[in-house]
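Below, each chain spelled out in residue letters.
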Amino acid sequence: MTIERRTILKSLAAAPAALAMPAYLRQASAQGGTLDIAAVYSLSGTFANVGTLLNSGSKWAIEKYDTVLGKKLNYVLIDDRGDAGEAVRRVQEVMTQRGIRHILGCTNSAIALAVQKEVYARGGIYVQMAGADESTGKDCNKSNFRWPVASYSAVNATVRPLIEKFPDAKKWYTITGQYVFGDSLLTNVKDVLKEKGLQHVGNSYHSLSDREYSGYIATALAAQPDVLAICNFGNQTLDVVRQAISYGMKRNTKILAVWSTGLDQFQALGPENCDGIYFGCNFWHGVDSPGGRVVAEVVKAKTGDVPNYLHACGYAVAQVLLEGIKKAGTDDVPAVIKALEGMTYEGPTGTETVRPEDHQVIKDYYLMLGKAKSAMKDKNDFADVVAATKAFLPPEKTGCKMS
Amino acid sequence: MASSTPQAWRFPDLTTAIVVVILAVMPFLVPTTLASQVAIFATATLSVTLLLGSVGLLSFGQGLYLGFGAYLTGLLLRDAGLGLLPTLVLATTAGTVLAGLLGILMVRRQGVYFVMLTLAFAQMGYFAMLSLKDITGGENGLTDLPRTMSLAGLPIGSPLSFYLLTAGAFLLAFLAVQRLNASPFGSVLTAIRENEGRSEAMGYDVKRYKIAAVAIAGGIAGLAGGLHAAFLGFVPPNDIELEISQRILVMAIIGGVGSPAGALVGSVFYTLVSEALSELWARWMALIALLLIAIVLYLPGGLWSIGRRLAERFGGRSADA
Numbered sequence: 001m002t003i004e005r006r007t008i009l010k011s012l013a014a015a016p017a018a019l020a021m022p023a024y025l026r027q028a029s030a031q032g033g034t035l036d037i038a039a040v041y042s043l044s045g046t047f048a049n050v051g052t053l054l055n056s057g058s059k060w061a062i063e064k065y066d067t068v069l070g071k072k073l074n075y076v077l078i079d080d081r082g083d084a085g086e087a088v089r090r091v092q093e094v095m096t097q098r099g100i101r102h103i104l105g106c107t108n109s110a111i112a113l114a115v116q117k118e119v120y121a122r123g124g125i126y127v128q129m130a131g132a133d134e135s136t137g138k139d140c141n142k143s144n145f146r147w148p149v150a151s152y153s154a155v156n157a158t159v160r161p162l163i164e165k166f167p168d169a170k171k172w173y174t175i176t177g178q179y180v181f182g183d184s185l186l187t188n189v190k191d192v193l194k195e196k197g198l199q200h201v202g203n204s205y206h207s208l209s210d211r212e213y214s215g216y217i218a219t220a221l222a223a224q225p226d227v228l229a230i231c232n233f234g235n236q237t238l239d240v241v242r243q244a245i246s247y248g249m250k251r252n253t254k255i256l257a258v259w260s261t262g263l264d265q266f267q268a269l270g271p272e273n274c275d276g277i278y279f280g281c282n283f284w285h286g287v288d289s290p291g292g293r294v295v296a297e298v299v300k301a302k303t304g305d306v307p308n309y310l311h312a313c314g315y316a317v318a319q320v321l322l323e324g325i326k327k328a329g330t331d332d333v334p335a336v337i338k339a340l341e342g343m344t345y346e347g348p349t350g351t352e353t354v355r356p357e358d359h360q361v362i363k364d365y366y367l368m369l370g371k372a373k374s375a376m377k378d379k380n381d382f383a384d385v386v387a388a389t390k391a392f393l394p395p396e397k398t399g400c401k402m403s
Numbered sequence: 001m002a003s004s005t006p007q008a009w010r011f012p013d014l015t016t017a018i019v020v021v022i023l024a025v026m027p028f029l030v031p032t033t034l035a036s037q038v039a040i041f042a043t044a045t046l047s048v049t050l051l052l053g054s055v056g057l058l059s060f061g062q063g064l065y066l067g068f069g070a071y072l073t074g075l076l077l078r079d080a081g082l083g084l085l086p087t088l089v090l091a092t093t094a095g096t097v098l099a100g101l102l103g104i105l106m107v108r109r110q111g112v113y114f115v116m117l118t119l120a121f122a123q124m125g126y127f128a129m130l131s132l133k134d135i136t137g138g139e140n141g142l143t144d145l146p147r148t149m150s151l152a153g154l155p156i157g158s159p160l161s162f163y164l165l166t167a168g169a170f171l172l173a174f175l176a177v178q179r180l181n182a183s184p185f186g187s188v189l190t191a192i193r194e195n196e197g198r199s200e201a202m203g204y205d206v207k208r209y210k211i212a213a214v215a216i217a218g219g220i221a222g223l224a225g226g227l228h229a230a231f232l233g234f235v236p237p238n239d240i241e242l243e244i245s246q247r248i249l250v251m252a253i254i255g256g257v258g259s260p261a262g263a264l265v266g267s268v269f270y271t272l273v274s275e276a277l278s279e280l281w282a283r284w285m286a287l288i289a290l291l292l293i294a295i296v297l298y299l300p301g302g303l304w305s306i307g308r309r310l311a312e313r314f315g316g317r318s319a320d321a
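Protein chains in written order, with UniProt numbering: chain A, 1 to 403; chain B, 1 to 321.
Among the hints, erroneous ones may be present.
Said to hold, decoys possible - Computed footprint of chain A on chain B; a stretch qualifies when at least three of its residues, placed anywhere within it, have a C-beta under 8 Å from a C-beta of chain A:
(1) 23-34
(2) 139-150
(3) 245-253
(4) 279-287
As the list claims (entries may be wrong) - Estimated spans, in silico, between C-beta atoms of each pair:
(5) A:S207 x B:W281: 24 to 34 Å
(6) A:T67 x B:V21: 41 to 51 Å
(7) B:S158 x A:T330: 23 to 33 Å
(8) B:I293 x A:T303: 30 to 40 Å
Hint data in this document are derived by calculation from the structure and do not stem from the laboratory. Heads up, the beta-carbon is just placed ideally off N, CA and C, and yes, glycines get one too.
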């Protein structure tokens, strides 16, 4: 009877711990000869659809590398549930309680900005994919590296080629998401237009929660612009494109979505909505490069299909970190940081370089033109690359003071 | 929903002892940072429990005071160089003052209109945060809070020290609410909850009592916000979003509003279950919603009332509500 009671009490005591203890702590077992890499993604909550694909990319990269410097790689997933506070707490947890120092990933900029400070404060290294300029700008730090381009690059790699292609397109209208990233895109668009002596005939702000844009489109139509530049991200980009097309805007106006995620968004839009629309994107599976072929093989093996941007991005941040460790010859954080600074490697978009001054990966950003269904060579051939540009602010203008 | 009796508001009592034991064992059972989070959200939930349980006011806006306390703490720690203790005191005071001021307007209406006012003010707080992005950091949150802090000469930096701080703060808030409930003031609040019209007819200034309750609850939420900011070294924008108000309300209902201890039970349960469920299914909130429905339908006193029911059944007396 006594034994039974003890057993019950033990079970009761252990139950909440087992329930509460996240998978990454439960995974803690024999750690000899392994290297833990923690990845921060939103697998539940608002951004789960994005986080899930990014997580797949990173996980597949870890599986592809399998070992580094003879150590077996152990992928430790942290689900932040789309909450920056939760992300910080969980990073604290793995860094203080498991001693993990190598972190990667994020699902949005707010999470990345918070985590990059946390990782820096605790002496780790962090490779991520935030879009916010501040990440490698005024909020840069020694621990933090970013793979995709920031808003400056996205604008300059899309707006400038478009201006060159259509020198008669003098009047530009913008529809902008009223949040930091949207504002950042807008500011950069305005700067380019001002420099080129073009007219910014108006801007409409929409909120993060907007789904209906007919009012903004009507205002834009009334301004009779030559180009409509869409400065937002995610599903809102798709909705603005769809509604602009349904209002007949495509007939007389070039439409540019400055920031898109490429293939997955093209699939969502369908060829009828992609045709004749310009998109900016960080990755395109059709660009042939040694690094791109590796990503394509890995994704093909997993999904039977070509990689999209989110897969490639998740893969790329893990690749940057692991190549840094290989180059350093140790997983010691300061040595890896030093090795990464200036490192050149074959990434998903071709030859990529980590800029030492702000830890931004220098890579191509693509201006793409959607094509008609009849012109598609296969089911994923939605667009052609019009321009591939490495357009980055000079390091001294990023505002980064490396600490 | 609440089922208190004069006996239920004894202070301190068995409930106090149970709460102390839970707080003492928690860091041994779950990761320390998770335990800190439980304590912080238990403090925030306490503000809902006080309002709903003691005076019968349903607030969908406690996240406003939590967020206000968090941002104020962040700014005071980062920009004013204030110490942790005075900062937390100021965050609590600011939450009290803000809630008191808004309370003057809100208590002019009852029932669903009161609820809608709490909701509206919470939304305004969120958009104010976005509009004042130069101060609050907008959707990127408020960053660069100091990493090393001390409280009465003791360094606060390690996960355990933060747990001791957050658990201690919860315990203080919990004891204060217990004491308040056991006081004549608490009896009036109970009377208002049970029959507002009759309380007014007896000569009590019902509005003033409500404003006082709203202000105290705001102060507790402000304290929780301050603790959250100090704990994370960062103020996430989620702290002032409507979702946080909903979350702490759900925690309160799951735990039970019949006793301030329900706040701790609700926070423990919600935090641990969501942690476990989120690993199983991306839409784990749907399961929480099912749980909430089940509790509202079949266990309106919340999880805490299970203990009371068991005590009544086997002990022959109430172990407090």
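Outcome of the hint check:
Beta-carbon proximity to chain A at under 8 Å applies to 6 residues in the region 23-34 of chain B; the threshold of 3 is reached and the given coverage holds. Counting residues of the region 139-150 of chain B whose beta carbon lies closer than 8 Å to any beta carbon of chain A gives 6, which reaches the threshold of three, so the coverage claim holds. Counting residues of the region 245-253 of chain B whose C-beta sits closer than 8 Å to any C-beta of chain A gives 0, which falls short of three, so the coverage hint is violated. Proximity of the region 279-287 of chain B to chain A, defined as three or more residues with a beta carbon under 8 Å from a beta carbon of that chain, is established by the 6 residues found.
At about 30 Å, the beta-carbon gap between A:S207 and B:W281 stays in the expected band of 24 to 34 Å. Look at A:T67 against B:V21: about 47 Å separates their beta carbons, and that is inside 41 to 51 Å. Our hint of 23 to 33 Å for B:S158 and A:T330 holds, since their Cβ atoms are close to 27 Å apart. One distance hint, 30 to 40 Å for the beta-carbon pair B:I293 and A:T303, holds here, with the actual separation near 37 Å.
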